[in-house]
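Student: Sequence:
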Amino acid sequence: MFIMNNKNDLIQISDKQYNINFVLMILGRIISELGTSIFTFSISLYVLSTTKSAALFTSVLSFSILPNILTNIIGGMVVDCCNKKKLIVGSDLASGAIIFVFLLFFKLYPSNIIIIIIFSMGLSMIQSLFSLTMTSSIANVVKTKQVSKLNSVFTAYGSTISMMGPFLGALVYQNFSMAVIFYINGFSFIISGLLETFIVFYRYNAGEKGEKKNNLIKEYREVFLYLKDTNQVRLLLIINSFLVLVFAPLGAVIVPYVSYNILNVSELQLAVIQGSLAVGALIASLLMTFIPTVNELLKRLYIIIHMQTFGMFLLCLPILFISTDRTKWIVTIFFSGCLVFLGVVGVIRSIPIFAYLQTSVPEQIRGRFFAVQNTSFTFFSFLGMWIYGILLDKILWIYLILASGTASLIVIGFLQLCNREINGVNVEKSEYNP
Numbered sequence: 001m002f003i004m005n006n007k008n009d010l011i012q013i014s015d016k017q018y019n020i021n022f023v024l025m026i027l028g029r030i031i032s033e034l035g036t037s038i039f040t041f042s043i044s045l046y047v048l049s050t051t052k053s054a055a056l057f058t059s060v061l062s063f064s065i066l067p068n069i070l071t072n073i074i075g076g077m078v079v080d081c082c083n084k085k086k087l088i089v090g091s092d093l094a095s096g097a098i099i100f101v102f103l104l105f106f107k108l109y110p111s112n113i114i115i116i117i118i119f120s121m122g123l124s125m126i127q128s129l130f131s132l133t134m135t136s137s138i139a140n141v142v143k144t145k146q147v148s149k150l151n152s153v154f155t156a157y158g159s160t161i162s163m164m165g166p167f168l169g170a171l172v173y174q175n176f177s178m179a180v181i182f183y184i185n186g187f188s189f190i191i192s193g194l195l196e197t198f199i200v201f202y203r204y205n206a207g208e209k210g211e212k213k214n215n216l217i218k219e220y221r222e223v224f225l226y227l228k229d230t231n232q233v234r235l236l237l238i239i240n241s242f243l244v245l246v247f248a249p250l251g252a253v254i255v256p257y258v259s260y261n262i263l264n265v266s267e268l269q270l271a272v273i274q275g276s277l278a279v280g281a282l283i284a285s286l287l288m289t290f291i292p293t294v295n296e297l298l299k300r301l302y303i304i305i306h307m308q309t310f311g312m313f314l315l316c317l318p319i320l321f322i323s324t325d326r327t328k329w330i331v332t333i334f335f336s337g338c339l340v341f342l343g344v345v346g347v348i349r350s351i352p353i354f355a356y357l358q359t360s361v362p363e364q365i366r367g368r369f370f371a372v373q374n375t376s377f378t379f380f381s382f383l384g385m386w387i388y389g390i391l392l393d394k395i396l397w398i399y400l401i402l403a404s405g406t407a408s409l410i411v412i413g414f415l416q417l418c419n420r421e422i423n424g425v426n427v428e429k430s431e432y433n434p
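Going by my numbering, the first residue of the sequence shown is number 1, and it counts up by one from there.
Hints are computed from structural coordinates only; laboratory data are not their basis.
Backbone N, C-alpha and C define an ideal beta-carbon position, used for all residues, glycine too.
Just so you know, not all the hints are guaranteed correct.
What the hints assert, rightly or not - Computed spacing ranges between beta-carbons, pair by pair:
hint, residue 1, residue 2, range
1, Ile26, Leu383, 32 to 38 Å
2, Arg234, Thr51, 38 to 44 Å
3, Phe313, Ile238, 19 to 25 Å
4, Asn83, Asn264, 46 to 52 Å
5, Tyr399, Ile304, 22 to 28 Å
Sequences are here, hints too, so could you generate the full structure?
Tutor: Written out as structure tokens, the structure reads:
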């Protein structure tokens with residue numbers, strides 16, 4: 001297996017070396033993401049229990065997301081010109097340090113939402129840089145035709161962790177103090193960072209040994225010119241950004257708030273519901289590893305999105321059972337079933353898109369491109385959470401879901417009329433093909 005070092009150089013990679021890297025990357029992500037999943041569920045449950053307000057709950061979530069806009073913009077340039085390994089290791093170690101400092105302040109001011117927001121913002125910024133670096137590195141360490149499968153494996157592990165995290169979080173939250181949860185997450189970051197020090201990166205970044213970077217505007221002008229000239233990439237970015245606006249608040253705001261504060265499910269039932277989205281993602285990820293090419297899925301993208309919108313309408317079904325049967329497990333099962341379906345369809349939609357982008361965007365601007373994409377996702381996720389959080393305190397939740405589904409049908413239908421199909425996409429064609 002060969003990977004280009006720059007336009008003229010190749011570095012040989014043995015299968016054994018690749019396998020070692022692959023295992024270390026998986027282990028590092030499993031350990032840190034499992035700790036983060038437990039921590040995120042527990043801190044969300046803590047905020048919900050403390051505030052009883054959708055607006056305040058949304059504030060904590062959205063303020064932890066907002067700084068990512070700045071982080072992604074600057075981080076895109078950093079990833080393109082700095083050592084990716086140092087960024088990955090340093091991000092995990094810095095995240096561990098932030099968690100332990102957070103713990104000290106939390107012990108002094110346990111009910112201070114501002115403290116929670118500030119440290120959530122800091123942790124989110126560091127992890128945003130980590131995620132951006134990892135995303136930009138995938139195509140540098142595997143063959144082009146393996147990119148979609150590696151994304152599927154990462155998604156499968158991430159889904160398993162997201163599925164286990166709420167259950168473990170509920171268990172730890174019920175039986176231990178928040179301090180124990182802080183320790184779990186802090187040490188998970190440190191262990192992950194130490195494991196990642198043994199990963200060998202076989203490719204220098206495009207700018208790591210090259211010329212100095214220009215100012216921020218000039219650097220990103222190249223990315224926007226690329227978007228202007230590549231219709232397929234621009235269309236995929238627009239579609240994904242809109243879907244983030246519509247679907248991101250479902251799992252982050254609406255489902256946990258409605259389940260816990262309106263339908264009054266238990267912590268265990270909430271864990272079942274929140275883990276269901278990950279179950280669906282895991283199922284789809286495993287299926288995707290057996291699909292030799294994802295090009296046909298990309299060409300059927302609009303059909304897949306309409307299926308995802310149908311899943312959103314299914315979330316309204318639990319309301320039918322509230323008036324006839326108060327059993328909370330029935331509500332839990334229906335919410336869970338809907339989220340499993342959404343998880344399956346969401347992954348089937350997203351993995352082909354990311355694989356196409358990771359292999360199509362030129363290496364020299366890949367970090368900045370994904371920074372632009374992540375910034376767009378962050379902004380629309382932030383906007384969606386604020387809108388949903390405010391409206392949840394004012395109108396019935398079922399109306400929000402119906403309105404969101406209708407808006408999705410209209411917007412995607414319009415894009416489908418303007419662009420009948422996603423043409424000319426080929427995940428196995430890229431700037432280079434090792």
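Student: Next step is simple, just say for each hint if it's right about the structure.
Tutor: Hint check results:
no., hint, in the structure
1, Ile26 x Leu383: 32 to 38 Å, "holds, 33 Å"
2, Arg234 x Thr51: 38 to 44 Å, "holds, 40 Å"
3, Phe313 x Ile238: 19 to 25 Å, "holds, 23 Å"
4, Asn83 x Asn264: 46 to 52 Å, "holds, 50 Å"
5, Tyr399 x Ile304: 22 to 28 Å, "holds, 26 Å"
Checked against the numbered hints above, the structure breaks none of them.
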